[in-house]
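Trainee: Listed below are the residues making up each chain.
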Amino acid sequence: MKKTYFTLVHRWGRAWCLASLLFMLCIPLSVSVYFNAWPPLQGLMKGLLAVIPLYWATAVIEVVSYAPLMGSGACYLSFVTGNISNLKLPCAIAALKSAGVRPNSEEGEVVSTIAVATSAITTTVLIAAGVLLLAPLLPYIANEGSPVAPAFRQVLPALFGALLGGYLKKQWRISFVPILAGVAVLLLAPAVQAGILIPLTVIASLAGAQLFYKMKWVK
Amino acid sequence: MDFRQAPFLYILGSCVALFVIAQALFFLRRAWKQGLALGLPREKLRSVVTSSILFTIAPSLAIAATVLALANALGVALPWMRLSIIGNLTYETTAAQAAMEGLGATDGLSGQVTEPAVFSAIAWVMTVGSVLPLILLPLLLKKLQSKLGGAVSGAKAAWADLMSAAAFLGLIAAFISRAIAGSGSPEKLGDGAGFVSLLTLAAAIGSMLLLELLICRKGWQWLTPFAMPASMFFAMGAAILATRLLPEGITQLEWRG
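Those protein sequences? They're chains R and E, same order as listed. The opening position of the first sequence corresponds to residue 0 in numbering that gives the first Met the number 0, with each subsequent residue numbered one higher. The opening position of the second sequence corresponds to residue 0 in numbering that gives the first Met the number 0, with each subsequent residue numbered one higher.
Please note: incorrect hints may appear among the correct ones.
Below 16 Å or equal to it, Euclidean Cα-Cα: the simulated EDC-like pairs (lysine to aspartate or glutamate) are [stated by the list, open to error]:
1. R/K169 with E/D160
2. E/K141 with R/E105
3. E/K32 with E/E42
4. E/K43 with R/E105
5. R/K168 with E/D1
6. R/K218 with E/E211
7. R/K45 with E/E211
8. R/K213 with E/D160
9. E/K217 with R/E105
10. R/K169 with E/E211
Derived from the structure by calculation, the hints contain no laboratory data.
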């Protein structure tokens with residue numbers, strides 16, 4: 000049963016990835032056809048060469064980093080809908096914690112898929128509603144002078160602080176190593192991108208936890 | 000009529016939103032059925048849905064707000080499409096800027112796109128730059144996860160759980176350390192590590208610890224799914240209060256720029 004469900008998830012995920020790839024390519028194609036506006040190849044290549052080395056390298060790192068952290072269904076869904084590190088992954092982690100299931104179990108697979116799917120639907124509906132219905136209000140919210148703007152600038156510390164708080168109770172001993180490693184990297188290179196910083200802190204965290212486990216400081 | 004606001008683009012945007020929702024519903028329905036087949040209580044699955052919705056609201060509003068950050072240059076429809084599928088603001092902004100510079104539009108996103116050819120170039124660069132995961136996942140995901148599954152099903156379940164928690168903590172730590180010591184954009188105030196980011200972080204951690212304590216001591220299990228989103232909203236509220244009540248010299252203090 001277990002094998003069958005996981006096999007099916009991968010089959011569905013592959014089919015949806017292919018469909019998403021074709022669908023995504025249809026967006027610029029439709030724009031070009033509808034407006035009869037084909038960009039000059041040389042200019043287009045300049046633009047692509049400026050972003051592809053970074054984007055594609057980051058994509059490889061993200062796939063390798065996030066795949067073991069999320070369930071299969073959650074992973075396929077997250078990479079189509081985007082906003083993984085700042086929304087889908089923390090949402091999946093929060094759901095796994097509150098449901099009290101292990102991330103790598105079949106229950107974890109189910110719970111993380113439900114969490115990410117719900118999050119994807121909520122985000123898509125809210126963005127659509129925001130764009131289509133609340134457009135006059137959103138500039139007020141996003142505006143630098145808006146009273147709520149400071150809250151939106153601090154979404155990431157608020158979100159990841161809450162997640163860390165959830166871990167501190169049980170895992171406080173192993174929490175400090177990756178944070179100190181991250182701070183050390185940022186002291187040397189304060190503008191380092193999240194795509195580079197995440198693998199470094201994950202490696203530091205795994206190494207620290209392994210060391211503490213061997214020294215019997217954690218069980 | 001401004002071509003960036005053409006009804007055709009809104010129709011295309013609606014198709015993108017429907018596609019994403021259809022895919023999410025497809026997986027949600029099957030995971031739900033499987034959860035029930037595994038014996039997970041319906042209430043637990045409902046609570047996952049509720050807490051995920053609550054958890055997602057604030058970041059989604061932030062994403063919706065970023066659509067408008069790009070709207071001056073690109074109109075609303077294209078940023079909406081791109082931020083609904085794969086995209087995020089950093090990627091899309093960089094891609095749009097690179098495409099515009101590639102076609103000689105030197106003022107970049109500070110100006111408005113007036114040429115449909117530039118507009119379609121931006122759409123192409125944004126898309127081609129972000130599709131690689133859709134090629135990699137079908138090739139790699141099963142292999143990556145089967146290796147992890149093998150490690151976990153062994154005798155060292157406690158060790159595997161510890162390593163899994165450590166991996167999550169590593170990811171969380173990247174963002175925590177950025178709130179402590181990361182720099183933001185040089186032109187923007189309030190996005191780098193400073194007083195407000197540290198206060199928000201402390202408020203979120205403190206609130207979560209307090210709620211966990213209440214759940215544990217008072218036996219308020221009903222609070223569990225709300226603890227994480229409530230702590231997040233509390234911390235965001237603390238950021239607003241601090242910015243309004245404290246002197247600018249403190250709230251605008253960013254030690255890394």
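Trainee: Just to be careful, I want the Cα atoms of R/K169 and E/D160 compared with a cutoff of 16 Å; is the pair within it?
Mentor: Roughly 12 Å between the alpha carbons, so the hint for R/K169 and E/D160 holds.
Trainee: Would the pair R/K168 and E/D1 pass a check requiring their Cα atoms to be no farther apart than 16 Å?
Mentor: 55 Å, violated
Trainee: Given the hint that R/K45 pairs with E/E211, test it: the Cα-Cα distance must not exceed 16 Å.
Mentor: Given that 16 Å is the threshold and the Cα spacing comes to 52 Å, the pair is violated.
Trainee: Are E/K43 and R/E105 close enough, with their CA atoms no more than 16 Å apart?
Mentor: Since the Cα atoms of E/K43 and R/E105 sit roughly 15 Å apart, the hinted pair holds (cutoff 16 Å).
Trainee: Tell me if the straight-line CA distance from E/K32 to E/E42 falls inside 16 Å.
Mentor: 13 Å, holds
Trainee: Assess, step by step, whether the Cα of E/K141 is no farther than 16 Å from the Cα of R/E105, and give holds or violated.
Mentor: 15 Å, holds
Trainee: Against the 16 Å threshold, does the CA-CA distance of R/K169 and E/E211 hold or violate the hint?
Mentor: Satisfied, since the Cα-Cα distance of roughly 11 Å is no more than 16 Å.
Trainee: Quick one, are E/K217 and R/E105 close enough, alpha carbons at most 16 Å?
Mentor: Outside the cut-off at roughly 31 Å; violated.
Trainee: Just to be careful, I want the Cα atoms of R/K218 and E/E211 compared with a cutoff of 16 Å; is the pair within it?
Mentor: 21 Å, violated
Trainee: Checking one constraint from the list: CA of R/K213 to CA of E/D160, max 16 Å. Satisfied?
Mentor: Holds. R/K213 to E/D160 sits at ~15 Å (cutoff 16 Å).
Comparing the model with each numbered hint stated earlier shows that hints 5, 6, 7, 9 do not hold.
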